[in-house]
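Going down the list, the protein sequences come from chains A and B.
Heads up, the first sequence is in the working numbering, so the first residue is 446 and it goes up one at a time.
Heads up, the second sequence is in the working numbering, so the first residue is 446 and it goes up one at a time.
It cannot be assumed that every hint is accurate.
Repeated chains share a single entry, so a pair holds when one copy, or any two copies, can fit it.
Unchecked claim - Cross-link-like lysine-lysine pairs, in silico, DSS-like; alpha carbons within 27 Å at most: (1) 664 with 483; (2) 900 with 484; (3) 906 with 484; (4) 640 with 484; (5) 483 with 900; (6) 462 with 550; (7) 940 with 632.
Honestly, the hints are just simulated from the structure, not real lab data.
Protein chains: 2
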Amino acid sequence: MLTLETVKNNFVSHLNKISAYEEALGLIFWDLRTGAPKKAIEQRSEVIGILSSEVFNLSTSDQMAEYIKELTAHKSELDELTVKMLEECRKDFDRNRKIPEDEFKQYVILKSKAESIWEEAREKSDFALFEPYLTELVATTRRFVEYWGYEENPYNTLLDMFEPGVTVDVLDQVFGRVREAIVPLVKGIEASTVKPDTAFIYKHFPKESQKEFSIHVLKELGYDFEAGRLDETVHPFATGLNTGDVRITTRYDEDDFRGAIFGTIHECGHALYEQNIDPALTGTPLSGGTSMGIHESQSLFMENFVGRHPEFWRRHLPTLQKYSPEQFSDVSVDDFLQGINESKPSLIRVDADELTYTLHIMIRYEIEKGLFNGDCEVSELPEVWNRKYEEYLGIVPSNDAEGILQDVHWSGGSFGYFPSYALGYMYAAQFKQAMLKDIPEFDHHIASGDITPIKNWMTEKVHRFGKTKKPLEILQQATGEGLNAEYLIQYLEEKYSKLYNLSAVK
Amino acid sequence: MLTLETVKNNFVSHLNKISAYEEALGLIFWDLRTGAPKKAIEQRSEVIGILSSEVFNLSTSDQMAEYIKELTAHKSELDELTVKMLEECRKDFDRNRKIPEDEFKQYVILKSKAESIWEEAREKSDFALFEPYLTELVATTRRFVEYWGYEENPYNTLLDMFEPGVTVDVLDQVFGRVREAIVPLVKGIEASTVKPDTAFIYKHFPKESQKEFSIHVLKELGYDFEAGRLDETVHPFATGLNTGDVRITTRYDEDDFRGAIFGTIHECGHALYEQNIDPALTGTPLSGGTSMGIHESQSLFMENFVGRHPEFWRRHLPTLQKYSPEQFSDVSVDDFLQGINESKPSLIRVDADELTYTLHIMIRYEIEKGLFNGDCEVSELPEVWNRKYEEYLGIVPSNDAEGILQDVHWSGGSFGYFPSYALGYMYAAQFKQAMLKDIPEFDHHIASGDITPIKNWMTEKVHRFGKTKKPLEILQQATGEGLNAEYLIQYLEEKYSKLYNLSAVK
Numbered sequence: 446m447l448t449l450e451t452v453k454n455n456f457v458s459h460l461n462k463i464s465a466y467e468e469a470l471g472l473i474f475w476d477l478r479t480g481a482p483k484k485a486i487e488q489r490s491e492v493i494g495i496l497s498s499e500v501f502n503l504s505t506s507d508q509m510a511e512y513i514k515e516l517t518a519h520k521s522e523l524d525e526l527t528v529k530m531l532e533e534c535r536k537d538f539d540r541n542r543k544i545p546e547d548e549f550k551q552y553v554i555l556k557s558k559a560e561s562i563w564e565e566a567r568e569k570s571d572f573a574l575f576e577p578y579l580t581e582l583v584a585t586t587r588r589f590v591e592y593w594g595y596e597e598n599p600y601n602t603l604l605d606m607f608e609p610g611v612t613v614d615v616l617d618q619v620f621g622r623v624r625e626a627i628v629p630l631v632k633g634i635e636a637s638t639v640k641p642d643t644a645f646i647y648k649h650f651p652k653e654s655q656k657e658f659s660i661h662v663l664k665e666l667g668y669d670f671e672a673g674r675l676d677e678t679v680h681p682f683a684t685g686l687n688t689g690d691v692r693i694t695t696r697y698d699e700d701d702f703r704g705a706i707f708g709t710i711h712e713c714g715h716a717l718y719e720q721n722i723d724p725a726l727t728g729t730p731l732s733g734g735t736s737m738g739i740h741e742s743q744s745l746f747m748e749n750f751v752g753r754h755p756e757f758w759r760r761h762l763p764t765l766q767k768y769s770p771e772q773f774s775d776v777s778v779d780d781f782l783q784g785i786n787e788s789k790p791s792l793i794r795v796d797a798d799e800l801t802y803t804l805h806i807m808i809r810y811e812i813e814k815g816l817f818n819g820d821c822e823v824s825e826l827p828e829v830w831n832r833k834y835e836e837y838l839g840i841v842p843s844n845d846a847e848g849i850l851q852d853v854h855w856s857g858g859s860f861g862y863f864p865s866y867a868l869g870y871m872y873a874a875q876f877k878q879a880m881l882k883d884i885p886e887f888d889h890h891i892a893s894g895d896i897t898p899i900k901n902w903m904t905e906k907v908h909r910f911g912k913t914k915k916p917l918e919i920l921q922q923a924t925g926e927g928l929n930a931e932y933l934i935q936y937l938e939e940k941y942s943k944l945y946n947l948s949a950v951k
Numbered sequence: 446m447l448t449l450e451t452v453k454n455n456f457v458s459h460l461n462k463i464s465a466y467e468e469a470l471g472l473i474f475w476d477l478r479t480g481a482p483k484k485a486i487e488q489r490s491e492v493i494g495i496l497s498s499e500v501f502n503l504s505t506s507d508q509m510a511e512y513i514k515e516l517t518a519h520k521s522e523l524d525e526l527t528v529k530m531l532e533e534c535r536k537d538f539d540r541n542r543k544i545p546e547d548e549f550k551q552y553v554i555l556k557s558k559a560e561s562i563w564e565e566a567r568e569k570s571d572f573a574l575f576e577p578y579l580t581e582l583v584a585t586t587r588r589f590v591e592y593w594g595y596e597e598n599p600y601n602t603l604l605d606m607f608e609p610g611v612t613v614d615v616l617d618q619v620f621g622r623v624r625e626a627i628v629p630l631v632k633g634i635e636a637s638t639v640k641p642d643t644a645f646i647y648k649h650f651p652k653e654s655q656k657e658f659s660i661h662v663l664k665e666l667g668y669d670f671e672a673g674r675l676d677e678t679v680h681p682f683a684t685g686l687n688t689g690d691v692r693i694t695t696r697y698d699e700d701d702f703r704g705a706i707f708g709t710i711h712e713c714g715h716a717l718y719e720q721n722i723d724p725a726l727t728g729t730p731l732s733g734g735t736s737m738g739i740h741e742s743q744s745l746f747m748e749n750f751v752g753r754h755p756e757f758w759r760r761h762l763p764t765l766q767k768y769s770p771e772q773f774s775d776v777s778v779d780d781f782l783q784g785i786n787e788s789k790p791s792l793i794r795v796d797a798d799e800l801t802y803t804l805h806i807m808i809r810y811e812i813e814k815g816l817f818n819g820d821c822e823v824s825e826l827p828e829v830w831n832r833k834y835e836e837y838l839g840i841v842p843s844n845d846a847e848g849i850l851q852d853v854h855w856s857g858g859s860f861g862y863f864p865s866y867a868l869g870y871m872y873a874a875q876f877k878q879a880m881l882k883d884i885p886e887f888d889h890h891i892a893s894g895d896i897t898p899i900k901n902w903m904t905e906k907v908h909r910f911g912k913t914k915k916p917l918e919i920l921q922q923a924t925g926e927g928l929n930a931e932y933l934i935q936y937l938e939e940k941y942s943k944l945y946n947l948s949a950v951k
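This is chain A alone, in the form it adopts within the complex (with noise of 0.2 Å):
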C-alpha cells in the first residue's frame, strides 16, 4: 500500500512527463514555423505524431484514472496546488475519456480532411466545397456535447472548453450592450467630416529598421529577451515553452508598419503572461494561460491600452522618426495618431480596426449559438453571414472567401472559439478601470517610458496565477466585480468621439 505521499509525487512526476513532452512539442512547431527545412516535414510530422500520443495515452491512461480516483478520495488532506492539479486533470480525463475511441478516432480524421478542403474552398471562394464537412464537424460536435453533457444551452459547453463559467446569457448581454453602443459610433463616423489622412502609413519602410524599432519597443515594454527572442513567420504568434523561454514572431510589411509594429506590441503582452507565471507552477498543467479570453485580454491591453496610447507615441514618434526619416519627419503625434486610429467598416476580420473589431466577433458567435441551438443550418450560413455584415457593418461581402470562408477555426473544429477575442477586449478595459484606482499615474508611466508599476500590477493581479484561478475569479479578483462591458464601451465612446469629434451623436 503506497503513501499518500508517494501517490502524489508520483502523480507529479507522471504530470512533469506530460509536461515535458508538450515542451518538446512546443520547440518542434515553433521550428516548423520560423525555418525548419520543407524536407523536414515528412518525419518530423511522425515524431509529432508519436508524442503527441503519447500526451493523450498518459492523460487518458488507467494509470492517470488510477491517480485520480485516489487523490479525490483523499482530497481534503491535500494542499491546494495538488487538488487544482487534480481538477485540471480530472477536466481533461472526462472530456477525453467520455467520446468512444472510434468516434475520436473518426473526428480527428475529419478535421484534417476539412482543414485541407477549407483551404481549396477558400481559394476557390466556394462555400460548397466545404459545406458537407462543415455539416459533419458541426453534427460532430454536437454529439460530443451529448456526451460531455451541458446546462441550459449546448452552446454553453463549447464556450466552457475556452472561457470556463462564461455562458449564452453572459454574452447575450454584454454583445448586446456593445452592439448598442458601437453600432452608433460607426455610423457617426462614417457622416463625420474628419477624414484622417493616412498617406505616410504606406510609405516605405525598411525591414531591418522595422526590426530594430520594434525591438526598443519591446526592450521598454518589459519582454525579457533573456526568457525569449523574436522571429520572423508567416502569421505572427507567441508561444510559452517555459517560462524561461517565450518566443514571440512578427511579420514585416515593407509597405505597411502597422503590422509589425503593432502585431509585436500584441505579441509582447502574450509573451509577458508567459513570463511572468510563478516559476513554481512549470512542469505542471497550471503553467500556461488560465483562458483564451484572459490571454487575449493581455496581448490586447498591450497594442491598444499601452501602445495605441497618445503618450506613448509622443515618446516614440521621434524614435520612429530617426529610424525612417522619409516618411515621418512631417507627420505630428496628433496626425499619426489620427492616422493609425482610423476606423472603417471592412470585410476581414483580422484586419478589422479596434472599434469594428467586436463586431466581427459579435457575428460568429451569434452564428455558432444558432448552429448549436438549431436555429441556424450549416447551408444557410453565406446568406445568414452576408445579411449580418449588411446589418452591423453596412458592408457586403462579394464573395464567399471575404465572408463566411475567411476564418480557419471552424474547419479545425473550433466552435466557441470566437467570444474570446471579444472577452479579452471587455476584460481588458476593466483590468486598465481597476489598474487606474491603483495607479493614477498611469499616462505618466507610459510618458516615461518605465511601464514597470503596469507590468507589476499586471502580473499581480494576472500573471502569476497561471491556471490556478479561473478567468472570472481573477477578473473579480482584480476588478472587484464581475465581467462589466461597460467600461469598454465608455473607452471606445470616448476615444472615438474625440478623434472623429462626434460630440453631436453622445
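Chain A is fixed; fit chain B onto it per the hints.
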C-alpha cells in the same frame, strides 16, 4: 500467441518511438546551441532528462528483451533489414544491461561532475584538480570493460564502441607506418627554405561576406538547403535530425577566414553523409552514420581532398576576391595554396594542420592504450604527454591547459574515440584512391564546379547504407581492400614534398 509478423511490426513501432524521442532531443540540443534564450535552460534540462530516460528505458526494457528473444529465435525467417535492426538493438541492450544499475547511476553523476571540474581545471591550468576524477573515470570504465568482456586487450572493447572491428593490433600497425612517414616530413619542412607568406590570412574579412561565400560553396558542393540550414555557433557541428533535416553550424572569425570556410566544408561532408542515407531506414536505429571514423572520413574528404584541392581554389579564388577584394586581389592561386597549407608543429589539436594532425591523435591513442593496459598511471599523464609532444612534434606545452587538459573527451568518459579522427583520414585517402579508378577525371570535376559524380560515388559506396554495414565492410566493398595507411602516406608525402620542395627528403 502473436504471429511473427505482428511481433516484428510491434518491434518496429517500438524503434520508431525511440527514434522520435531522439529526433526531438536532437532539435532541443540544436536549439540550445544556436539561440535558445538563457533562461530556457533550467527547465529544458528537465525535458532533456525526461526524454533521455525514456530512450534509455525503451532500449533496455523487458519489452525490448522480449522482442530480442522472440525475434532472435526466428532469425532465419526475418528479412535482412530486421536482422540488422535486431543486431543493433541487441548490442545496445547487452551493453546497458550488463552494468549494474547503481554503478551506472554513479557513473552518470561522476561524468557530470568530471566535466565541470575539467572546465575549471583547464581554466586554472591545473591538472591536479582533474586528476582524481580522471582516475575514477578510468577505473570505472576499466570495470565496465570487465562486465562487457574483451578480446586480447581491454582497450579493444572501447575501440569497438566507436569503430567496430578496429583493434589495437590494427592501430599499432597503421599508426606505426604513419609515424615513420610523417615525422621525417615534419622535420623536412622545418629545415626547408620555403616559408609561405600567410599575411593575407589574417586580414579583415567581414562576417556577412564570409557567410555568403560559405553558402555559395555549400550549394556547389551539393549540400541541399531544402534539407538543412546553416547557423552560427561557438563550436561548429553538423546534426542529422532526419535525412530531410541535416543542419550545420559554423563560426566566423573576421581576422582569420579559414575557420569558417574550411569548417563549413568539413561539416558539409558530415551533412552530405546524413542527407543521403537511404530514406527507407528513417525512424530505425540504422538511419545514421555507421561509425565515428566513417563519418570523419566524409568530412575530411570534403575538407582536404575537395576543399584544399588546387583546382578548387583556381575556381573559387576569383569569387573570394569579389567578396573581400582588398584582402585577396594581390594573392595568386599558388600563393593562396601555399598559405592555406602551411604546416608547422603546434600544441593544440583542433588548430593543427593536415600533416601534423595525425601525430596529435597518435599521442592520445598511445596514452589511452597505456591507461587501459596498466602501462601508465593517470598521475603520470602530464609528464607522458609533454614527453610525447617533444618526441613527435618537437615542442613542449608550457602548461596543462595547452597540454593534457585541452580536450573535453576524457572528462565525458569517451575513451577509444580519438583514433577515429585519424582512421577517418586514412579511410578518406583510401576512398579517394578507389574513386580515381572509377572517376579518372576527378580533378576536372572539381575544376568545373560540378562535383555530382564525386558525391554520387560516395552516396553509392558509403552514404546510403547508414548503419546497415559496418565500417570495415564499407571500406572493403568500396576500395577492394582492408584498412591501408599507404594511401594517406602517399598523399601527404606528395603534397608536402611539392609545397615545401622536399625532393631531397624522399
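Against the structure shown, which of the earlier numbered hints fail to hold, in ascending order?
Hint check: 4 fails alone, others pass.
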